[in-house]
Amino acid sequence: MLDMYTLRKEWQRYWVICLYVSIVAVISILIALSLQHLPDTQLNASLDGFIGFAGNAFIAILTTTFSAILVALTLGSAQFSPRIIRAFFREDKANQALFYIFLIGVALTSTTNSLDIHFGTWMYRSCSIYKILVAFFSYSLLTIIFPYFVFRIINSINAASITKRICSQTLSEIEKLYENDTAAIQQPRRKATIPPGVHPIASQQYGFLNDINFEKLSKLVRTDPDMQWYIVPIVGNFIAQHSPLLYSDKELDSQKQQLIRTCFDIHRFRSYNQDINFGVRQLVDIAIKAISPAVNDPTTALNCINYLGEILKGFVNRKEVAKKGKKFAHQQIHIREFNFDMLLDLSFDQIVQWGRNDHVVIRGVLETLTEVVTITRHAPKLFTIANSVRDMELFNSHTQRVDRFATAEFNAAIVHALRRFWEAIEAAVQRTHQPDELRQVTAQATVLLPLLRQQLATYKQQLL
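Letter by letter, the sequence shown follows residues 1 to 464 of my numbering.
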C-alpha cells in the first residue's frame with residue numbers, strides 16, 4: 001500500500017502530466033459536445049478541415065522531429081558509440097511502433113481528406129463515422145502520443161539510459177545462457193582442444209557470427225553418431241572468408257558441408273543473441289570515449305564501469321559451460337566456451353590502459369572489482385581477479401609505493417581502494433573451499449596490506 005511520502009513524491013514527478021491529460025480530456029469533451037449538434041454537412045466540413053490540418057501537422061512533425069533525432073543520434077554516436085543509431089531504430093520496438101503509427105496517421109489523413117462524398121444517405125453516414133474515427137485518431141496522435149514520443153526520445157538517447165539498457169540486455173542473455181553454479185568447488189574448465197588430423201569446414205562468407213543453429217546442427221550430427229565435431233568461433237567473433245567454422249574427424253562431401261554452413265548465421269551486425277561480449281564491448285567503447293580528452297566525461301565512464309561490474313557479478317558464480325554446450329556435449333559437438341577470464345579482460349583491460357593516469361577511473365575499477373570479490377565463491381576466479389589488479393602495476397617497482405598520480409590526495413584514494421580490495425581478497429580466501437589453490441594470492445595480500453596501510457597513514461599525515 002502506498003504511503004503519503006510515496007504519493008507526494010509521485011505527485012511531484014507527474015503533476016504536469018496529470019494537468020496536461022486533464023486539459024486534453026476537457027477539450028475533447030467540449031469538442032464532442034459541439035460536434036453533436038452540428039448538421040451532417042457542417043460536421044463533414046469541420047472534419048475535413050481538422051483532418052487536413054492534422055495531415056499537415058503530421059508531415060511537419062515527421063520532418064522536424066526526425067531531423068532533430070538524426071542530428072542528436074549522430075552527435076551521440078560520435079560521443080558514445082556508432083551502434084546507438086541502430087539500437088534506437090532496430091532494437092527499441094516501442095520507438096519503431098511509434099514511428100509507424102505516425103506514418104499511418106499521414107496515410108490516413110492524406111487519403112481521407114481527398115474523399116469527396118456523393119453517395120446516398122447510408123454511405124454518407126458511414127463515411128462521416130469513418131472521418132470521425134480518423135479525426136479522433138489524429139487528435140490522439142497530436143495530443144497524447146506525440147508528447148510521449150518526444151519525452152521517450154529524450155530518455156532513449158540519454159547516456160544513462162543507453163548504458164543501463166545495454167547492461168540489462170547483457171544480464172538477460174547471461175541468465176538465458178548459463179546456469180547458477182551452486183557447487184562449493186568449481187568443476188575443472190573443459191578445454192575444447194582440436195586434435196590433429198581433423199578436416200576443416202571453411203566459411204564462404206565474411207562478417208560477424210550472429211547465431212549458431214544448434215538444433216539444426218544436432219540433426220545433421222545424428223546422421224553419423226560416431227563423428228566428432230569441433231566448433232571453432234564464439235558467437236560474436238568476426239569470421240574471415242575461408243576461415244574454419246568447424247572441424248570434423250571425417251571428411252565430408254560438399255553437399256553436407258554446405259548444409260553445415262547454413263547452421264552458422266553470418267551477418268554484418270552483431271546482436272545480443274548468444275553474444276555477451278557485444279554488450280560488454282559497447283560499454284567499454286563508451287567508457288573509452290568518455291575518458292578521452294575530446295569528450296572528458298568521467299561520470300559516463302564511471303557509469304560504464306559500474307555496469308560492467310554488474311555484468312561480472314551476474315556471470316562470476318555461473319557455470320562456464322553454457323546450457324546449450326552441456327546439452328550437445330553428449331552428441332559429439334565440442335564447443336569453444338566463453339569464460340570468466342575472457343570477460344574480465346574484455347571489461348577492464350582497455351579502460352585501465354587509457355585511463356591509467358586518471359585516479360577516478362582507476363579507483364572506480366578497483367572498487368568495482370572489490371564488489372565482485374565479495375560475492376565470488378570459487379578459487380580460480382578469485383585468482384584471476386587478484387592477478388588482474390596486480391597486472392595494473394599501480395606500485396612503483398623501485399619505491400614499492402603508489403605514487404604515479406599528481407597529488408598526495410589522489411595517491412591516497414588509490415591506496416585506500418587497493419587496501420579495501422586486498423582485504424576483500426583475504427576475506428574471500430577464508431570462505432572458499434579451495435584455500436590451497438590461493439596460496440600465491442594469500443602471500444600477495446600478506447605482503448601488500450602492511451605496505452598499503454603504512455602508506456595510507458603517511459598520505460593522511462601529509463594531507464593534514
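Worth flagging that the hints you see were computed from the coordinates, not collected in a lab. Hints may be right or wrong, so weigh each one.
[Stated by the list, open to error] In silico EDC-like pairs for lysine to aspartate or glutamate, Cα to Cα no more than 20 Å straight-line:
#1 313 / 371
#2 164 / 253
#3 324 / 211
#4 256 / 285
#5 164 / 341
#6 250 / 224
#7 323 / 349
#8 324 / 215
#9 313 / 179
#10 219 / 179
#11 164 / 211
#12 256 / 297
#13 289 / 341
#14 324 / 92
#15 313 / 341
#16 324 / 371
#17 164 / 310
[To be verified] The calculated label-pair distances, taken between Cβ atoms and stated as ranges, are:
#18 107 / 168: 40 to 50 Å
#19 96 / 176: 33 to 43 Å
#20 339 / 200: 15 to 25 Å
Even glycine gets a Cβ: it sits at the ideal position worked out from N, Cα and C.
Hint check:
Proximity of residue 313 to residue 371 is assessed by CA-CA distance (about 8 Å); at most 20 Å being required, the pair is judged to hold. Of the pairs offered as hints, the one joining residue 164 and residue 253 is violated, with about 48 Å between alpha carbons and a cut-off of 20 Å exceeded. Between residue 324 and residue 211 the CA atoms are separated by roughly 13 Å; this keeps the pair inside 20 Å, and the hint holds. With a C-alpha separation of about 40 Å, the suggested pairing of residue 256 with residue 285 is violated against the 20 Å cut-off.
Between residue 164 and residue 341 the CA atoms are separated by roughly 23 Å; this puts the pair beyond 20 Å, and the hint is violated. The hinted pair formed by residue 250 and residue 224 meets the criterion: a straight-line CA distance of about 10 Å does not exceed 20 Å. Restraint check: the Cα-Cα separation between residue 323 and residue 349 comes to about 28 Å, which exceeds 20 Å; the hinted pair is violated. Simply put, residue 324 and residue 215 have alpha-carbon atoms about 10 Å apart, close enough for the 20 Å limit, and the pair holds.
Annotation: proposed proximity of residue 313 to residue 179 holds, straight-line Cα distance about 14 Å (limit 20 Å). A hinted pair counts as satisfied when its Cα atoms are at most 20 Å apart, and residue 219 with residue 179 does not qualify at roughly 25 Å. For a cut-off of 20 Å, the pair hint linking residue 164 to residue 211 is broken: about 24 Å separates their Cα positions. Between residue 256 and residue 297 the alpha-carbon distance is near 53 Å, which puts this suggested pair outside the 20 Å criterion.
For the proposed pair residue 289 and residue 341, the alpha carbon gap of about 24 Å is over 20 Å, so the pair is violated. With a C-alpha separation of about 27 Å, the suggested pair residue 324 and residue 92 falls outside the 20 Å cut-off, and the hint is violated. At most 20 Å may separate the alpha-carbon atoms for a hinted pair to count; residue 313 and residue 341 meet this at roughly 13 Å. Between residue 324 and residue 371, the direct Cα distance comes to roughly 29 Å. Violation of the 20 Å bound is thereby established for this hinted pair.
Restraint check: the Cα-Cα separation between residue 164 and residue 310 comes to about 10 Å, which is no more than 20 Å; the hinted pair holds. Range check, residue 107 to residue 168: about 35 Å between beta-carbon atoms, so the 40 to 50 Å window is missed. Range check, residue 96 to residue 176: Cβ separation about 23 Å, and the 33 to 43 Å hint is violated. Remark: the range hint 15 to 25 Å for residue 339 to residue 200 is upheld by a beta-carbon distance near 24 Å.
In terms of the numbered hints stated before, the structure departs from hints 2, 4, 5, 7, 10, 11, 12, 13, 14, 16, 18, 19, listed from lowest to highest.
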